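Note that the protein sequences, when read in sequence, are chains S, D and R. If you count the first sequence from 1, position 8 lands on 8 in my numbering, and the numbers rise without skipping. If you count the second sequence from 1, position 52 lands on 52 in my numbering, and the numbers rise without skipping. If you count the third sequence from 1, position 415 lands on 415 in my numbering, and the numbers rise without skipping.
Treat each hint with caution, since some may be false.
Partial list, derived from the structure: chain R residues whose beta carbon lies under 10 Å from chain D [unchecked claim]:
no.	residue
1	Ile61
2	Asn171
3	Ala182
4	Asp207
5	Arg208
6	Ala222
7	Leu242
8	Ile263
9	Val266
10	Lys459
11	Gln464
Only pairs whose alpha carbons sit at most 27 Å apart, straight line, appear in this in silico BS3-like list of lysine-lysine [stated by the list, open to error]:
no.	chain 1	residue 1	chain 2	residue 2
12	S	Lys255	R	Lys214
13	S	Lys249	R	Lys12
14	S	Lys397	S	Lys177
15	D	Lys131	D	Lys88
16	S	Lys325	D	Lys82
17	R	Lys12	D	Lys121
18	D	Lys131	R	Lys12
Calculated directly from the structure, the hints in this document are not laboratory data. Here the structure is a predicted model, which is why all the values come from computation and not from measurement. Just so you know, even glycine gets a beta-carbon here, dropped at the ideal spot from N, CA and C.
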Amino acid sequence: MSSQATTSNIAMNQDASLPNPKKWLTIGAIGLLISLVGLISSPIGAYSYLVSVLFVSSIAIGMLFLVLIHHIFDAGWSTVVRRQAENFLSVVPYLGFLFIPLFLMTMKDNGLIWIWMDDTASLHGHGTVGEDVLYLKKTWWLNETFFWIRAIICFGSWAFFARALRKHSFSQDSDGKAEHTFACRKLAAGGLVVVALTWSCAAFDWIMGLEYHWFSTMFGVWFFANAMRAALAVLVLTCTYLVAKGPLKGIFNNKHLHDLTTLSFAFCVFWAYISFSQYFLIWNGNIPEETFWFNYREEGIYFYIGMFLVFGHFLFPFLFLLQFKLKTAHASARFICCWILFMQLFDLYYNILPSLKDSHGEPYQMFSSPLNFVWFISGIVGVVGILLWAYWTSFNKVKIIPIRDPRITESLNHSH
Amino acid sequence: MAKKYGLIAKFDTPADIMHAAEKVRDAGYKQWDVITPFPIHGMDPAMGLKRSIVPRFTIVGGTLGFTTGMSMIWFTNAYDYKILIGGKPLFSPMFAFPVSYELTILFSAFASIAGMFIMNKLPMHYHPMLKHKEVAASSDDKFFLYIETADPQYSEESTRSLLESLNPVEIDELDD
Amino acid sequence: MASAHSSSSEPKPAILAEVNPVDIPRAAMVDNNRSFNWITEKICGIIEEKTPTWWWVLFIIACCTASFTLFGLVYLVSTGVGVWGLANPVNWGWAIVNFVFWIGIGHAGTLISAILCLLRQKWRTSINRAAEAMTIFAVVCAGLFPVFHVGRVWLAWFLFPLPNANAIWPNFRSALLWDVFAVSTYGTVSVLFWYVGLLPDLATIRDRCTSKVKQVLYGFFALGWRGSNRHWRNYEMCYLLLAGLSTPLVLSVHTIVSFDFAISLVPGWHTTIFPPYFVAGAIFSGFGMVLTLMLPLRAVYRLEDLITQYHIDCMTKIVLATGTMVGYAYGMEFFIAAYGANDFEIFAFVNRAFGNYAWAYWIMISCNVISPQFFWFKSIRENTTLVWIISIFVNVGMWFERFVITVTSLSRDFVPSSWGYYSPTVVDIFTYLGTFGLFSVLFLLFIRFLPLMAMAEIKAVTPQADPHHH
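Bound-form chain S, shown alone (with noise of 0.2 Å):
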């Protein structure tokens, strides 16, 4: 891209109003600093970062599968969006080196987060981990180095596919070749099957693997579920915010609105689907070794949230967004959207932090010292700061949409 066609760019998003992501790298550090002392000082602390890197782990991965979606069907009138999409991939290539302290500290404790690393681990009454026979039929999976090289892979893929995709797409607005559009096909079919693949490795080995002994085919499935619709939260959020400062405004229409809505819709029945089919297979069951995962989940505070999950992330969004008026109004989009995404947040802490034991071996409670807060929201606070200056910094750097897709007229003209 020539420098002038560059300034350009930057002349034209370039907004007072809008944020500057220096700024949010500040809050990020901030934020991120507090978290890290958390992470070295406390069990919970450690655990928490674990939510926010998931977090922000989940709403870029899941911008990544809108991206490839998108490129597969070859649609139409979601090229608008994708461009924000886009923006948000820049954070990719970063989610490894939030994952780097997470790394050092269980190299120094070994079963901080991940029990199973500690083979001296008690597990309350039944031994340790290393006399444990489970742990031993599983060490070909559960062993640190492979663990390591699983998490590199991931975020090496997840990276390569995002910095393709986005390069393509940004190429393509200077030079108008068709031939970026026909890589983006071609990286959208591999790039499918290998993020399917590695972000259900994710599931199992940073969540699923918190508590070894529990397993479930469906986990992964659930996390893609869980990504999906934070992604589309953060998008409906994004781009109301952008026709709200002007950017967007006069391109993103009421229909883009009400079809990412309707999406948001559809991963909201798609997640309770998937979180019914599993919790119910696993009650009608009724095997110790399965059930003894919820029975965590039903101790204490967990119970409430679990409850809170079902009417909060499943039952309320539904009946919300069932409604034609509330879907593509800007207000209750917005709405709507920052309630999935903070239901998210809990979705993950009823999935991780119940895995932490206390000294009777009895699930961590999340609400048991007000000092828990600081790390919670320093954690969320610091990897929001993060995404969001990745997004500033790219949306800076970008058009607004990609004004030489073949698709880009069908998307302006999308209405009806």
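Fit chains D and R to the supplied structure of chain S, relying on the hints for placement.
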């Protein structure tokens, strides 16, 4: 002698009929309709029609279906004739869910179709349009617009001149 | 919509002046720029022409084949369920395999008509009618097996919560009862959806009819449809709602079918991925069947302008995608069996791949996971004969998938002394083969008497149907 039902104009393309409908709407007619072989996008606003209210029937049907399912299962298995099987609770929304879910959909589907029939007053095997000589064209590739004599604004001259101003292929009388 | 009007009054964003899309044209839904009238003539022509000889030949063959099922079932009812090769512990054999197979076939019809309608995939219009018909006929074939499997079929009404002399009710904790509700709802809603879609086309046929009998019959079922836009408004909303209802329905039906297996504790069956895995498999097998049926019809009736290469491309890509998803599920099952470190699960899966039914397992893998991978290549997607052959492989593979799931786990039950090798009897085989005849009879009647494609919908996706088209 057949009574007159209205005046009917014939058009060749979706664009023509759409512009014609916009003009008739702006002229303030109420008792008129457009006959097309397939739904034309944007015709509803062109005719000044609001969003269909069929979804309201659906939501009523769905709610009814779900409550029917849940209460039926509670009544049959936990109240009227208690069956204890596999150590499972007598009633739980978990195992009652699949059947209630199916009934929700079944009742919603019935309600949607009933709603559509009620709103459209179907079945109605008698309508002046069905006797029109060009009815076969109306379900093939031609587009028609008629204004009823029952419309308060209807008058032989002004209505005919309005239709003529729309550049139709042909204007005809529609017998009752 | 409103935005189209409002944007003209406001200043347009400057970026719009820079928009200059690369030219990658979309494929046309109807090739050779056909007129509305051509579409009507083409599709109505199929049912208005004199019954072709090949139709009679196929119809008679189909009737003969269907009689296998009739004889098989008469023999079963008069003798007992024992005539099917079921013996403890394999109490579910071909009957449930065939049931799941046929139900799965049906799912593509609903997928094409409902999910693709919601996703506004316009290419659905030329195949949805036939695919929905396929759904209904497949549900009929599927329903036969569980109904006759109950043994005393005249008491099958006990399945419904109807007051009876014993004063007891069905057990709602049983997945088999959920099946009753799921499949009957599915059948009903599919018929309704199909019929609502048929209304405008029935009106077209009625208006063109030359004989009084036909006019009265088609007219009766057209319900006096007259193409009024005031009707279209409610009609389109109703159609969209039915599509919206059918989507969760079709997912739930195969989910509940998967519950038949997954809520049990049998190793190899009790796994949480079963619901989405069964749904993906159902769509996969259904699209296989759509291709198997539509490609010959396309050739016989010269429908290349309506079922274009683009349509075939879309369908083959869906087969590829769902086949790969099914492959993902096979992989996940193995992975979690190994990861779960449960000896019985591990045994169940090792037994699948290397036990005495390994031949069935490898047929399944090669047909379901490997054969669709050929669709990555454009040259294969464009070769109709090869596409058709692969679609047959898909059908075969999906039948074997259900066979593998059902039989390998049951024949190696918890008690090794009862292990055995299950084989079907001749009655099993003929009853199953006969259902293909039954399906064909129904499908042949459909193409003879009802419009094979949704004329109104195809017209609506042609370029000249757009009021802004010049």
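For this session: Return the numbers of the hints above that this structure violates; sort them in rising order.
Result: Numbers 1, 9, 12, 15, 16, 17, 18 - these are the hints that the structure violates, sorted from lowest upward.
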